[in-house]
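Chain residues, written in single-letter form:
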Amino acid sequence: MAISPVYAIRETAQNLWRNILLTSATIITIGVSLWLFGGFFLFNYAVGNATARWEGGIEFVVWMNADGTPEQDAAIRTALDESPEIKDWDYVDQDGAFEEFKDLFADTPELIATVSPEILPPSYRVVPADPDADVVRELADQFKGRPGVRSVVSADETIRAIQKQADKIGIVFFIGSVILLGAATLLILTNIVSAIKSRGEEIEIMKVVGATNWFIRIPFMIEGLAQAVFGALGAWGGLWALDKWVISGFNDTDSLALLDGFKVSDSEFTQTSLMILGIAVLVSVIGSAVAVTRYLDA
Amino acid sequence: MIKLENVTKVYKGDVVALRDATVDIAKGEFVFLVGASGSGKSTFIRLLNREEVPESGTIYMAGKDIGALGSWKVPYLRRNIGYIFQDFKLLRKKTVYENVAFALEVIGKPRHVVRKQVPAILELVGLSSKIENFPDQLSGGEQQRVSIARAFVNRPLILLADEPTGNLDPQTSVGIMRLLDRINRTGTTVVMATHDRGIVDTMRRRVIELDGGSIVRDQARGVYE
Ligand SMILES: Nc1ncnc2c1ncn2[C@@H]1O[C@H](COP(=O)(O)OP(=O)(O)OP(=O)(O)O)[C@@H](O)[C@H]1O
Ligand SMILES: [Mg+2]
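Protein sequence lines, in the order shown, are assigned to chains A and B. Take the first sequence: its position 80, counting from 1, is numbered 80 in our numbering, and each next residue is one higher. Take the second sequence: its position 166, counting from 1, is numbered 1166 in our numbering, and each next residue is one higher.
Derived from the structure by calculation, the hints contain no laboratory data. The beta-carbon is built from N, C-alpha and C at its ideal position, and this holds for glycine as well. Among the hints, a few may not be true.
Computed footprint of chain A on chain B; a stretch qualifies when at least three of its residues, placed anywhere within it, have a C-beta under 8 Å from a C-beta of chain A [said to hold, decoys possible]:
1. 1083-1091
2. 1096-1109
For lysine-lysine, the following DSBU-like pairs were computed, each having C-alpha atoms within a straight-line distance of at most 30 Å [said to hold, decoys possible]:
3. B/1064 / B/1012
4. A/144 / A/102
5. B/1089 / B/1073
6. A/197 / B/1093
7. A/244 / A/168
8. B/1089 / B/1116
9. A/197 / B/1073
10. B/1109 / A/197
11. B/1064 / A/207
12. A/207 / B/1089
13. B/1003 / B/1064
14. A/207 / B/1094
15. A/164 / A/144
16. A/164 / A/244
17. B/1027 / A/207
18. B/1116 / A/207
19. B/1094 / A/197
20. B/1012 / A/207
21. B/1093 / A/207
22. B/1109 / B/1089
23. A/207 / B/1073
24. A/207 / B/1003
25. B/1012 / A/197
26. A/207 / B/1130
27. B/1109 / A/207
28. B/1089 / A/197
Whenever a hint applies, use it, and build me the whole structure from the sequences.
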């Protein structure tokens, strides 16, 4: 016994239309909560991508010229080893630099094709004993202008702030979106319960003529699902805008070298989109299952 | 076709609505359930449909113990039972045609079946000319005909009717009874609860009388009292 698609679509559309205000509220709430939730993930990805270079206590990077001599290298190493203020350092050679470049620009293979390891600068990733910003800047300045050194870049306040605040901001986003998702579930439930109540007579007739429980339930469950999917679509549009205009916007600023990589890759974006769709489906299934089992089967 | 063995139904609050009822109704019979208000007629009917479940005793419909049915099978039982309400219970926003078609659609009948059976049954109940009317545009008698069409469109073996003429004047009731009689003559078993003395006395069919939940009379070709 199949449920006819025409029947299901007609019933769902009627149900949603009957309570258009509540339906709109539900869809908006789902959309906003999923947008926040997805935004939290995109933001985390972007921060991760931007600060990958600054992980493990690395506070500044000494970029060498791509065509530097071994003597220049040796001088830098000695200076790094002898300084009591430097706890640790790591050398990234040209092949390593190329790997990083490939990771960073994985979305733009055209760009990667124009680059080879020989033209990329090797670098020293330095971990100072004291991560205080002033100490780091002073230390970093000591390496500026040395023979063979192209530039010295330190994790300035922006990166520090981002790193320090990212987790806190993330948690706020996360908790907020979870609460909103809870509210969205309740709204779906309310909407379906009100649809069930307004159709009491129809349901009574359906039961008396022998419609199966599933047949009676399915339009209501599809209704919940439709609301969630519309919400997810809205959230997806919002995330796309967030990625396009806000996150990508960071790459246009002056602090290019620092915020390079504050962006979200296509695969990360796709993953996030699928995740919010999955959550939307889950939320709607929970909301409508509760509504249907509590108010329909009794 | 319908068999009750020592069936007792007790509602919350210790109301015994049916007490130790044993009845055997053959296929094609027409049975009137009579008795004072509160004597248990509606309860009797709802038990047959498994809207209610008895506290003790066994009910067989078409040879099957319906107490043993899993709840997921109840809809399939009901597809063999037409049900007519005193207040018609038509859906106001649907036309005559849609009201009848609804009963087939919701049990998953394909569209070509719906398109064939609905006009045929509306012809049978004499409403071919009012197919596009809404319930509000029909008389009580016509509304009850629609409700009968809906109950019978799937050709059930059994028709249950709880005071189908309760909201109708005597003349209109006669028309409804003619219709039920015709349906009964096609071999459909009909069980009808009623307060209508005139109808019972003119039809002279089997009469089961309830009093305080007990069967006090079971008479072939009986009268109201
Ligand atoms: N759902 C219920 N819960 C509790 N008691 C009920 C319920 N339905 C019926 N009763 C009681 O069961 C008894 C039989 O009721 P029933 O409706 O079967 O009588 P009836 O013969 O159909 O009456 P009427 O002629 O007024 O329709 C009555 O005392 C009634 O109050
Ligand atoms: Mg009654």
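Hint by hint, here is what the structure shows:
{"no.": "1", "hint": "1083-1091", "verdict": "holds (count 3)"}
{"no.": "2", "hint": "1096-1109", "verdict": "holds (count 6)"}
{"no.": "3", "hint": "B/1064 / B/1012", "verdict": "27 Å, holds"}
{"no.": "4", "hint": "A/144 / A/102", "verdict": "27 Å, holds"}
{"no.": "5", "hint": "B/1089 / B/1073", "verdict": "24 Å, holds"}
{"no.": "6", "hint": "A/197 / B/1093", "verdict": "16 Å, holds"}
{"no.": "7", "hint": "A/244 / A/168", "verdict": "24 Å, holds"}
{"no.": "8", "hint": "B/1089 / B/1116", "verdict": "23 Å, holds"}
{"no.": "9", "hint": "A/197 / B/1073", "verdict": "25 Å, holds"}
{"no.": "10", "hint": "B/1109 / A/197", "verdict": "26 Å, holds"}
{"no.": "11", "hint": "B/1064 / A/207", "verdict": "20 Å, holds"}
{"no.": "12", "hint": "A/207 / B/1089", "verdict": "13 Å, holds"}
{"no.": "13", "hint": "B/1003 / B/1064", "verdict": "9 Å, holds"}
{"no.": "14", "hint": "A/207 / B/1094", "verdict": "18 Å, holds"}
{"no.": "15", "hint": "A/164 / A/144", "verdict": "27 Å, holds"}
{"no.": "16", "hint": "A/164 / A/244", "verdict": "25 Å, holds"}
{"no.": "17", "hint": "B/1027 / A/207", "verdict": "24 Å, holds"}
{"no.": "18", "hint": "B/1116 / A/207", "verdict": "23 Å, holds"}
{"no.": "19", "hint": "B/1094 / A/197", "verdict": "18 Å, holds"}
{"no.": "20", "hint": "B/1012 / A/207", "verdict": "23 Å, holds"}
{"no.": "21", "hint": "B/1093 / A/207", "verdict": "19 Å, holds"}
{"no.": "22", "hint": "B/1109 / B/1089", "verdict": "21 Å, holds"}
{"no.": "23", "hint": "A/207 / B/1073", "verdict": "12 Å, holds"}
{"no.": "24", "hint": "A/207 / B/1003", "verdict": "23 Å, holds"}
{"no.": "25", "hint": "B/1012 / A/197", "verdict": "25 Å, holds"}
{"no.": "26", "hint": "A/207 / B/1130", "verdict": "26 Å, holds"}
{"no.": "27", "hint": "B/1109 / A/207", "verdict": "15 Å, holds"}
{"no.": "28", "hint": "B/1089 / A/197", "verdict": "16 Å, holds"}
Hint compliance for this structure: every hint is met.
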